[in-house]
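Enquirer: So the chains spell out like this:
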Amino acid sequence: MKRFSTSKFALCGLLSALSTITFIIEGLFPPLFLPGARMGISNVFILLSILLLGAKYGYITLAVKVLLGSLLSGNFFSAVYALPAGILSTTLEILLINYTKKISLVAISVAGAILNTTTQNLIFCLLTNTVEYLSYLPYLALVGVLGGVTVGLTVYLVIKILPTKYFVQK
Amino acid sequence: MNVNRFKNSKPFSRWDTAVYLVVAFLIFLLFLFFVIIPKTSDSESLGFTVTSNEKTVVSYSYGSKNFKIDSDFTDLVVINEVESGYNLTIYTDVDKVHFNTLFINEENKTVKMASTDCRSKQCTYLHEVGSKGIIYCAPRSLKISPLSGSGFIPPVVG
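Read top to bottom, the protein sequences are chains A and B. Letter by letter, the first sequence follows residues 2 to 171 in my numbering. Letter by letter, the second sequence follows residues 564 to 721 in my numbering.
Hints in this document: simulated from the structure, not taken from any laboratory. Glycine is no exception: its CB is placed at the ideal position from the N, C-alpha and C atoms. Any given hint could turn out to be false.
[To be verified] To spell it out: a stretch of chain A is covered by chain B in this simulated footprint if at least three of its residues, at any positions, have a beta carbon under 8 Å from a beta carbon of chain B; those stretches are: (1) 9-22; (2) 32-42; (3) 62-74; (4) 94-106; (5) 123-134.
[As the list claims (entries may be wrong)] Pulled a few chain B residues facing chain A out of the computed Cβ check, cut under 7 Å: (6) Pro574; (7) Val598; (8) Tyr654; (9) Val657; (10) Asp658; (11) Lys659; (12) Phe662; (13) Phe666; (14) Ala677; (15) Ser683; (16) Ile697.
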């Protein structure tokens, strides 16, 4: 039995590249409302990877985005807190997608985004011993809601518009 | 496939309310514990200290015109007097290529990260440090904290 299919891997590579490029471009802009806050558009491709290809490809896309994106943007330290936060939020999204049949894509994206931003802030504060930055948590959670809605709606529209024949078959 | 489920659904559903209620409650708790409840000290701003990997690089008391620089960093710290304060540049390498520049405002008794040569420049967007708050430069492990005062400081939003 094939564990990885060639067509899925090719699509995963494309989504990973798009996610990485978007991550780097987002980093070139000033932060959104708060230091360290981003819209998280690169998560569109991670969520698409989960939906179109499955959980393990979602993790691959996440890992490529965080590791390669951090390396290419010249701030590899950010991978230390971005990767665990990304793994947690991706896991939450996968669980919500697979085990809840009534919740919409936007709500799943919002839940994942909030977990991502708050976890990143928590890990950063613990690693750098700067507990003062915990006061950013509620504001980052609000930015997470905004980012989650944007990402969720974007992925929903992509899924809605894309013809089924372009989905990689299992 | 999961994708077909979402393809045939609407962007919002009634069950989302449960998720948003949990999110709203979580945000309320975060505001309560990290913004509303913490007692912030209103002590006067006395000065600041800059540390690198827990080692003090330079410390300064406002109005003293006397910078206490650690002997290991004497060649790496440059101070220029400007209008209403000082520009304090800390180089993080011997060749003096990588730097962080602080602006010390003597009138307001605050210090802010004015410029740096790294790509992200996240620390330059952080709130100035007076009697409370903190500025942290992650790539260089530089921390600027007040000599007096403590407590959380709400971020400058916008």
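Enquirer: Return the status of the interface hint for Lys659 (chain B): holds when the least beta-carbon distance to chain A is below 7 Å, violated otherwise.
Expert: 19 Å, violated
Enquirer: With a cut-off of 7 Å, does the beta carbon of Val598 (chain B) approach a beta carbon of chain A closely enough for the hint to hold?
Expert: 6 Å, holds
Enquirer: Can you verify the interface hint for Ala677 (chain B): is its Cβ closer than 7 Å to any Cβ in chain A?
Expert: For Ala677 (chain B), the interface hint is violated, since the closest Cβ of chain A sits about 15 Å away, which is over 7 Å.
Enquirer: With a C-beta cutoff of 8 Å, work out whether three or more residues of the segment 123-134 of chain A approach chain B closely enough for the coverage to hold.
Expert: holds (count 5)
Enquirer: Does the closest beta carbon of chain A sit nearer than 7 Å to the beta carbon of Phe666 (chain B)?
Expert: Since the shortest Cβ distance to chain A is 17 Å, the answer is violated.
Enquirer: Going by Cβ atoms only, is Pro574 (chain B) closer than 7 Å to chain A?
Expert: Constraint on Pro574 (chain B) satisfied, holds at 5 Å.
Enquirer: Quick check: do three or more residues in the segment 32-42 of chain A have a beta carbon closer than 8 Å to a beta carbon of chain B?
Expert: holds (count 5)
Enquirer: Would you say the segment 9-22 of chain A counts as covered by chain B, given the rule of at least 3 residues with C-beta under 8 Å?
Expert: violated (count 0)
Enquirer: Going by Cβ atoms only, is Ser683 (chain B) closer than 7 Å to chain A?
Expert: With a minimum Cβ separation of about 5 Å from chain A (threshold 7 Å), the hint on Ser683 (chain B) holds.
Enquirer: Taking 8 Å as the Cβ threshold, is the statement that the segment 62-74 of chain A is covered by chain B upheld or broken by the three-residue rule?
Expert: violated (count 1)
Enquirer: Given a cut of 7 Å on the nearest C-beta pair, is the interface hint for Val657 (chain B) held or broken against chain A?
Expert: 21 Å, violated
Enquirer: Given Ile697 (chain B) as an interface hint, is its Cβ closer than 7 Å to any Cβ of chain A?
Expert: Given a least distance of 4 Å, the restraint on Ile697 (chain B) holds.
The earlier numbered hints that this structure contradicts are 1, 3, 8, 9, 10, 11, 12, 13 and 14.
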